[in-house]
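Enquirer: So you can see what is in the structure, the chains are spelled out below.
Protein chains: 2
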Amino acid sequence: MPPVKKLVIFGVGLIGGSVALALKKQTPALLCVGVGRNRENLDQAIKLGIIDTIANNTTEALSDADMVLIAAPVAQTRSILQQIKPHLQQDTIITDAGSTKADVLAIAHEVLGDQAHQFVGGHPIAGAEKSGAVAAMVDLYVGKNVVLTPTTQNNTTAVNNVRQLWQDCGAKVIEMSAQHHDSIFATVSHLPHLLAFALVNDIAARDNADELFQFAASGFRDFTRIAGSHPEMWRDISLANRNALLTEVSQFQMALANIEHLLKDEDGNGLQDLFERASLARNQWAKERNL
Amino acid sequence: MPPVKKLVIFGVGLIGGSVALALKKQTPALLCVGVGRNRENLDQAIKLGIIDTIANNTTEALSDADMVLIAAPVAQTRSILQQIKPHLQQDTIITDAGSTKADVLAIAHEVLGDQAHQFVGGHPIAGAEKSGAVAAMVDLYVGKNVVLTPTTQNNTTAVNNVRQLWQDCGAKVIEMSAQHHDSIFATVSHLPHLLAFALVNDIAARDNADELFQFAASGFRDFTRIAGSHPEMWRDISLANRNALLTEVSQFQMALANIEHLLKDEDGNGLQDLFERASLARNQWAKERNL
Numbered sequence: 000m001p002p003v004k005k006l007v008i009f010g011v012g013l014i015g016g017s018v019a020l021a022l023k024k025q026t027p028a029l030l031c032v033g034v035g036r037n038r039e040n041l042d043q044a045i046k047l048g049i050i051d052t053i054a055n056n057t058t059e060a061l062s063d064a065d066m067v068l069i070a071a072p073v074a075q076t077r078s079i080l081q082q083i084k085p086h087l088q089q090d091t092i093i094t095d096a097g098s099t100k101a102d103v104l105a106i107a108h109e110v111l112g113d114q115a116h117q118f119v120g121g122h123p124i125a126g127a128e129k130s131g132a133v134a135a136m137v138d139l140y141v142g143k144n145v146v147l148t149p150t151t152q153n154n155t156t157a158v159n160n161v162r163q164l165w166q167d168c169g170a171k172v173i174e175m176s177a178q179h180h181d182s183i184f185a186t187v188s189h190l191p192h193l194l195a196f197a198l199v200n201d202i203a204a205r206d207n208a209d210e211l212f213q214f215a216a217s218g219f220r221d222f223t224r225i226a227g228s229h230p231e232m233w234r235d236i237s238l239a240n241r242n243a244l245l246t247e248v249s250q251f252q253m254a255l256a257n258i259e260h261l262l263k264d265e266d267g268n269g270l271q272d273l274f275e276r277a278s279l280a281r282n283q284w285a286k287e288r289n290l
Numbered sequence: 000m001p002p003v004k005k006l007v008i009f010g011v012g013l014i015g016g017s018v019a020l021a022l023k024k025q026t027p028a029l030l031c032v033g034v035g036r037n038r039e040n041l042d043q044a045i046k047l048g049i050i051d052t053i054a055n056n057t058t059e060a061l062s063d064a065d066m067v068l069i070a071a072p073v074a075q076t077r078s079i080l081q082q083i084k085p086h087l088q089q090d091t092i093i094t095d096a097g098s099t100k101a102d103v104l105a106i107a108h109e110v111l112g113d114q115a116h117q118f119v120g121g122h123p124i125a126g127a128e129k130s131g132a133v134a135a136m137v138d139l140y141v142g143k144n145v146v147l148t149p150t151t152q153n154n155t156t157a158v159n160n161v162r163q164l165w166q167d168c169g170a171k172v173i174e175m176s177a178q179h180h181d182s183i184f185a186t187v188s189h190l191p192h193l194l195a196f197a198l199v200n201d202i203a204a205r206d207n208a209d210e211l212f213q214f215a216a217s218g219f220r221d222f223t224r225i226a227g228s229h230p231e232m233w234r235d236i237s238l239a240n241r242n243a244l245l246t247e248v249s250q251f252q253m254a255l256a257n258i259e260h261l262l263k264d265e266d267g268n269g270l271q272d273l274f275e276r277a278s279l280a281r282n283q284w285a286k287e288r289n290l
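These protein sequences, in sequence, are chains A and B. Note that numbering that gives the first Met the number 0 has the first sequence beginning at 0, numbered continuously upward. Note that numbering that gives the first Met the number 0 has the second sequence beginning at 0, numbered continuously upward.
Treat each hint with caution, since some may be false.
Chain copies aren't distinguished; within one or between two, either way the pair holds.
[Stated by the list, open to error] With a Cα cut of at most 20 Å, we get these calculated SDA-like pairs of lysine to any residue:
(1) K171 x G267
(2) K171 x S217
(3) K5 x Q82
(4) K263 x Q252
(5) K129 x R220
(6) K286 x H229
(7) K143 x A216
(8) K263 x E231
(9) K129 x Q283
(10) K286 x D221
(11) K263 x M253
(12) K4 x G142
These aren't lab readings, by the way, just hints derived from the structure by calculation.
Bound conformation, chain A alone (with noise of 0.2 Å):
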């Protein structure tokens, strides 16, 4: 298929600027063009050699754009299709980026109604603590997942130009639905973040928390990472993954109630050989990353 001659990015942060970088080194003619709100930060990706030019108006953004990539806060997808609707052409195709799938998927049906086969859900799993155009890296996708969560409606060429788009930054492409998506990711991300975000909103909420915070040692630092996330940004995707993640915190509780009780029974044989079930597991995953 031929590659993609002009990019629009919604939202040049890490994620959108790392994707332009990618393709930029691998096609220089690409076009790509940038929209935001901070202009600082446009000024700067352009600066950057990350885009080359800044949107004057959705219009002129979408003549004749072969490729929008959303990368802006989920928060604001809805008002960012609104805002393509009307200038969409027919052969244009949309994805995204964000963390929660069947969502994004049910506002696309909305706004974009009869051109929504040309919205191909996306989620690459690569991310950093830095952010904005600054912090955008040509090899922030190698070798890293992307989720594409494409639906009956698209047809093969939208799904197969999303596809091209993350392997040509390097990225290893897997399909599934949006719900299997949001099931796993409610479990290997979403649960954790509300699980750290649970025990230092209780710890700090108590009397002694500051002799509590002082005791606090590199297992807490690390258990406890995610909960210093942005907490917009995390209540959107609690919210936006709902369902799912009311799933995996019933599940969390049975897990926990068994612990409890082990504990209770003084179980000694029972508390080994779970731990010893869970640290096999989790150093045999990090072993085999090299972590």
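On the provided structure of chain A, position chain B as indicated by the hints.
Expert: Just chain B now, kept in the frame of chain A:
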């Protein structure tokens, strides 16, 4: 007070070995005697200049010893104290480095009887992923907290000498009751370990465990690092600190139920407020420690 002239260390690993290195730097004339079950490790400790001799028997080791440091796995505390008891002179002070304190004090009381006043419980809040004498570091305790849990039985000299030992290693010494110590560490260390073990064990037991682990990323890596901890050691800690830990499990179950309700009610403001309090507290904690 006169410096320690003869220090006997049961368990010359990271913890005990680092004490020896720090004290010998300060007082080169200090005689360090190592006792342990792993002869190879003790030979290594001699080569590294951590200890001066390996004890041939307990009588010889304890003879004229000013101080005994028990730095072996907590589950060995009882048998080590039983081994020490028949040879324990009246002016020898014993301390330990275990992660739980009420159980250790109870064992010391039971085994040492009318010499229990010579035992002062301690817990250095320092550690590393490596173990054994080779992992010992002269500056492991510099600027770190060490908790001592003296009782009304202890005479002032015993407590002062143990405090001095840790201060000579560069540590900051804090005194509190064993119960208070155990409650603090149930909150900031033991509960997080249980939560991490519970999560990983639960994921590992699922039919799609491989798929779930495939998509686990950096947040999961940090959150679950402590789930790779030593199963036997954590079985011992969990049982030793069972009561405080059960209190913390209940408290956490309430905290999680609270988040569950906010999610069920789709209470975005409530979730955001909670995440913000946690995020602020976590980031403030990390900032104060330059993490």
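Enquirer: Against each hint, give a clear statement of whether it holds in the structure.
Expert: Going down the list of hints, with the structure as the test:
no., hint, result
1, K171 x G267, "neither (43 Å within a copy, 34 Å between copies)"
2, K171 x S217, "between (33 Å within a copy, 17 Å between copies)"
3, K5 x Q82, "within (18 Å within a copy, 78 Å between copies)"
4, K263 x Q252, "both (16 Å within a copy, 15 Å between copies)"
5, K129 x R220, "both (18 Å within a copy, 18 Å between copies)"
6, K286 x H229, "between (29 Å within a copy, 16 Å between copies)"
7, K143 x A216, "between (31 Å within a copy, 10 Å between copies)"
8, K263 x E231, "between (38 Å within a copy, 18 Å between copies)"
9, K129 x Q283, "between (29 Å within a copy, 18 Å between copies)"
10, K286 x D221, "both (18 Å within a copy, 14 Å between copies)"
11, K263 x M253, "both (15 Å within a copy, 18 Å between copies)"
12, K4 x G142, "neither (24 Å within a copy, 58 Å between copies)"
The structure fails hints 1 and 12 (numbered hints given earlier, in ascending order).
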